[in-house]
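Novice: For reference, the chains in residue letters:
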Amino acid sequence: MDLIIVLIPTLPIIGFLFTVLVGRSLDRVPVHGHADHGALAEHEAHEHATHDADDTGFRTIPSEEEQALTSPHAGHADDLANAQGADGVIPPELDDGKGQTGHVSPDGPRPRYLSWIVPTALVGLAWVFSMVVFVNVIFGGNTYHVSVYEWIAAGDFHIEIAFFVDGLTAMLLLVVSSVGLLVHVYSIGYMDGDRGFWRFFAYLNLFMFSMLLLILGDNYLMLFVGWEAVGLCSYLLIGFWYKKPSAAGAAKKAFVVNRIGDVGFGLGIMMIWVLLGTLSFDQVFPSVGGLETWQVTTIALLLFAGAVGKSAQFPLHTWLPDAMEGPTPVSALIHAATMVNAGVYMVARSNPIFAEAPIAMWVVAGIGIFTAIFAAAIALTQNDIKKVLAYSTVSQLAYMFTALGIGAWVAAIFHLVTHGFFKGLLFMGSGSVIHGAGGEQDMRFLGGMREKMRWTYWTMVVGSLSLAGVPILAGFFSKDEILGEAFNRGYPIFYLVGTVVAFMTAFYSFRMIYMTFHGRWRGPRELWDHVHESVPTMVAPIAILAVPTVLVGLLLGIPPEGGVIHGWLGAVFEHVEEAGIQPGSIAAGGHHGFELIGIGGLLLLVGATVAVLGILLAYRWYVTDPEAPARFVERIPLGFGPGMYRASLNKYYVDDIYQLVFARGGVILGELLWWFDAKVIDGAVNGVGWLARNIGGGLRKAQTGRVENYGLGMAAGMVLVLIAFLVWR
Amino acid sequence: MTGVPVLSLIVFLPLVGALVLLFVPGTAHRAIRWIALLASLASLAASLALIGYRPDGPEFQFTENIDWVPAFGMGYRLGVDGLSAVLVMLTTILSAVSILYSWNPITKAVKEYYISMLLLMVGMLGVFVSLDLFLFYVFWEISLIPMYLIIGIWGGPRRIYATIKFVVYTLVGSLLMLVAILAVAIAHASAGHPFTFSYVELRGFAYTDTLQALAFGAFFLAFAIKVPMWPLHTWLPDAHVEAPTAGSILLAGVLLKLGGYGFLRYSLPLLPDAAKAFAPIMIALAVIAILYGALVAMVQPDLKKLVAYSSVSHMGFVMLGIFIFNMQGLQGAVYQMLAHGVITGALFLLVGVIYERTHDREIAHLGGLNARTPHYAAIFGLFVFASIGLPGLAGFIGEFLVLLGTFRYNGYVAGITMFIVIASAVYMLWMYQRMFFTVPSDWMRRFWPTLKDLSRNEWLALAPLIILVVAMGVYPVLIMDAVNSPAQRILDAVNASGGLTSFQLPW
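Read top to bottom, the protein sequences are chains F and R.
Heads up, the first sequence is in this note's numbering, so the first residue is 1 and it goes up one at a time.
Heads up, the second sequence is in this note's numbering, so the first residue is 1 and it goes up one at a time.
By construction, these hints were calculated from the structure, which means they are not laboratory data.
Do not take every clue at face value.
To be verified - Which stretches of chain F does chain R cover? Using the computed rule of at least three CB atoms under 8 Å from a CB of chain R, they are: (1) 233-246; (2) 268-276; (3) 336-348; (4) 673-681.
Here the structure is a predicted model, which means the values were calculated and not measured.
C-beta atoms are modelled at their ideal positions from N, C-alpha and C, and glycine is treated no differently.
Work out the full structure, taking the sequences as your base and the hints as a guide.
Specialist: Structure follows, in C-alpha cells:
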C-alpha cells in the first residue's frame, strides 16, 4: 500500500517528464500556411530543409471560411476564436507555426496526435491507485503514513517528503483523480487542432502531480510545496495561449494575487514551527492546545490568508474570473474542481487550529458569507458563459468557507465533493458549447442550441439543477446541509443570507441555460450552420460526471446532516468534536438528529422552494418575457437601477481600484526608489569619487596614473587605524 | 589524505592553462578555447575530489601547509571545510560554464580573454581554500584584476566608467581589510604569541572590544561592498550592464559570494563580539536590500539591470541569514549563495543569449519570443521560477530557511521581509510576460526571420545549471550535511560571546 500511495503522485510527474522530452515528436501538426507571404517565402522555403520534419507538406493558405470562424464580435474573450485569432495578434507573415500555439486550418490536412496517450494512461493508472486507497481508507477505516526521504535538515528543523492519507485526503483523492482523468480524456477532443497539444498534456500532468502532492502531504511544508506548484501550473495553463495579451496578463495576475495570500500562509507555517518545533500534522494538532489564544488566532488568520488567495475569496477573488482566459478544460479541472478547493482543504485540515481560535472562525465565516453574496451578485449580470461559472465558483467556495467558519466541517467537505463534480460538468459543458459555436462564448450571441446539442444540453441542465439546489441532486443535499447547520448552530444571519444566495444561484444558473440553449440563435447565420454536438471524447466525460452529480447526494447525504460522509470524516474532525468546541459565541447545545417532520424538514422545503423560484424567475425573464429584466431595472426606486446593473456588470470596480492603487502604486514606488538609487546613493558615490579626484589632483605631480586612490586609501587607512590603536589601546 | 595536493591542483590547474596559453599564437582561436576549457575542466575534475569531504571528520580537510614567509608568519596554508568545499565546486562549475559559453561571443583578443578568465578562477578558488589571512588577501586581490580587465576590455559602451567604479569601490574595501588583517595579527602577536597569519591560530584569540569594532568595520566594508549590501551596491548594476556575459555569470555567480563567505569565515569567528553587537544594523540593511532591490528591479527597462538588482535582493537574504544567528539562517544563507550562483548565473547567460542575437537588452524591445524560440523561453521560464523561489527548485530552500530563521529571531522582521514573495513574482513575471508573451515589437520583427533558438553550445553550457537547479531543489540534504558542522561552529562562536561590553552602541 505504501508503494501505491507513493506512485499516485509519481505517475503524473513521469508523464510530465516524458511528454516534455518526447511529446513534440509524437504529434504531427500542420502548420499555418503563410508560405506565400512575399519576402519571407524564400526564407521559409529555405527553413523547410533545415527545420523539423513536422513543417513539411502541411502548409495551407488560410481560407475565408477560417476567417469567418473567428469571433465576429470584437472585444470579448473566447477560447477557440482566440486560438485561431492569434492571426490577428501575431502578424501573419511572422507566424510560422513554430510557436506551438494557435489552431490549425480546419480544411487543411488533419493533425495526428499521439502525445496524449502516455499522460492519460498514467493518470488513469493513478486514478486506479487512488480508488484502491480510497476504498481502503473509507471502508477499511485505515490511515496511512509513508515517509520517503528527508528533504531539508537545518539545525533542529527537519522536513521529510512524506505522505499521509486519512478520510479527508481520500475524499479529495476521489474528486481530484476522477475529474483529473475525465479532463484528460475531454482534452483529447477539446484541444484537437491546437498546435500546443502535447504541451497542454504535459502541463496537465504536472498539475496532477502538484495537486496530488498537495492533498497527500503529511506536513505543512509539503502542503505548501503542492500549493505553490499548482500555482505554477495555473500560471502555465491560464497563459497557454500566450500570444493573447489578455491571457498573458491573466496568468501573471493569478500568480501574483495568489502570492499575496502566500505571504500569510508562509508566515503562518513559520509561526507554527517557531512555536511548536514541528510541521507534521500529527504532531502539530495535539500540541495546539498548549498555545495561547492570541498565538493560535494569529496562526489561523495567517493560514486563512493563504486560503483566501487560493480559493479566490474576497478581497483576493479577482484572479479567478480572469483565469477563464485559459482553455476550458483547465477551467473545469483547476479553476472549479480541484485547485481552488485547496484553500477549503487546508482550513479543514487545520481544524484543530481553527477550533481553538473563535475569532478566526468568525473571520472565516464572515469572509465566506460576504463573498457568497458578493460573487453571486456579479454572476447575475455576466454575459460570458465562463464568467458566470467563474463567479458561481467563487460563490460556492464561499459557501464552503461559511460552513467551515461555523464549524460544520463535514458539510463543507461534502459540498466540496459535490461541487467538484457538478461544476466540473458545467465547465466541460460550457466548453462543448463554445466548441460547437465556433468559439463564441458571449451568451448574448448564442441561443437555441439545444436543438443541435442534445447531450450537452441535458447534461448541463442536470448540472445546473444541482447547482441551483433542486431536490435529490447532489448540490441540493450539500448546500442545504450547510444552510441547515447554519440554522441549527444558531447563525440566523448566515442562514438568511445563504438562502438569498441560493435563490440568486438558481436564477443565474438557469439564466445561463435559457440564454444559451433556449430561444433563437442570436449569432451570425453562417455560424449557426456550423453549430454541432461535440465529439464523443468530449461528451462522454460530461455524461460520466452527470452520474455523480445525480447520485452523490443520495449516497452520501441521507439523512441530511447525518449521512455516511459524517462517518467517513468523523475521525478527521474528532478532536474538535471531542473537545466539545462549538465555534462562535452562540453555541448551539449539542447536535440533535434530523427530523423530516420538524425544523429539518421545513428547512429542506424552504431550500427546494427557493431553488424552484429562482428557476421560474429565470424562465420568465429569459424565455417568456425577455423585456422583463429591463423593466425591472427601470422600476428600482430613485433611479438606482441602471447604476446597480453597471456596477454588477463591472464587478463592482474592484479590479479597477486594485489596478489604480496597487499596480500603479507599486510602479510609482519602484520608480521613486530607482530615482533615489541613481541620484542620491550613486550621486553620493560619484561625489566622493569627484572629491577624491580633486584631492588627488594635488598629488598628481608626484604620482601618475590612477594609483593615487590606492596610495591615498592605504596611507589614510593605516594612519587612522594606528592612531586609533594607540589611543584606545 | 593520500598526499595528493588536491587543493593546490584545483587552484593552480587554471594557472597552468594560462601559462600554456602564453605560448600559443594569439590567432589560434580554436586551440586557445580548447586549452582554456580543458584547464577549467581539469580544475573542475579535481574539485570533484572534495565530494570525499567527510562531515564528521576534522574541521579542515585536504589541508596543505608550507612555510611561505616565516619571518612574518605567512604560510601557504590551505584547507576546506564543508562551507568552502561547496563554494569551490560552485566556482569550478560556473567557471567551466562561462568558458564554454564564451566560445562564440568572444572574438576580440581571444587569448588575453581566456588568460584573464583562468586567472580569475585562480583568485576566486584561492580565496575559498586559504587558511592564512595574508594568503587570503593575496587571492582576494588577484580575483579583482582579471575582472577589471574583462569588464574594461570586453565590456559594453560605458565599460571604462563601470570598471573604474568597480575597482575603486572594491579596492577601498579591500585595503581597509588589509589594515584590519594586519591589526588582528599584530594584536595576536603582542599578547606573546608567535607572529602568524594562520586563520586557525588567530581565531581563538579574544581581541579587545575596540579592535573588534574597528576591524569588524574594516572587514565589513570589504565584504559588504562585494556582496553588495545596501547602500554600497551601486557599482553592481553598472558593472553587470557593461560586463560581457561570461563576466556577469562569474561576477554574480561567484564574486558576490566572496563577500558572504568573508563574513562567515572571518567576521563572525574572528570577531564574534563585534558581530553580535552590529547584528541589528546588519539585519536592517539586509531587509532594506531585499525589498529595495526587488522594487527597483521592477521598473528597470534594461534586462541585465533587472537581473542585477534582483541580485541585490537575493544577496540580502544571505546577509539576513548570516546575522540572525541561528542554524536555519546560516544554512539558508549558504544555500542561498549556492542557489543564487546557479540561478543568477543562468539568468545572465540567458540574457546573453538574446543580447548576442539582437544586441539589445531593452525589455520593451523584446516580446513574443515564445513563438519563435520556444526552447529558450522554456529554459528562461525555469530559471525565472527558480528565482521567484518555487519549491522543488534551488531558490526556495535558501529563502525559506532564512525567512524561517528570521521568524525565529523576530516575527515582525519576518513579516516585513515576507513581502518579497509578492515583489519578486511581480518583477520576474512581468519581465517574462513582456519578453516572451504577446506580440513581437516592431523592433523585434527585424530579427524575426533569422532568430535562432538555443544553439548546441548554449545547451551544453546550460545543461549543468539546469540539472543543478532541479537537483538542489529536490535533494538538498547532501549539501546541508556538509555545511552543518561549519555552520554549527560559527554559531557556537557567536553564541559564546557576550557582545561588546566596554562601550555602548546606540541600538
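Novice: Take the hints in turn and mark each one as holding or not.
Specialist: Hint by hint, here is what the structure shows:
1. 233-246: It holds: at least three residues are needed, and the stretch 233-246 of chain F offers 6 whose Cβ sits within less than 8 Å of chain R.
2. 268-276: holds (count 4)
3. 336-348: n = 0 at 8 Å, threshold three: violated.
4. 673-681: Per the Cβ count (4), the hint holds.
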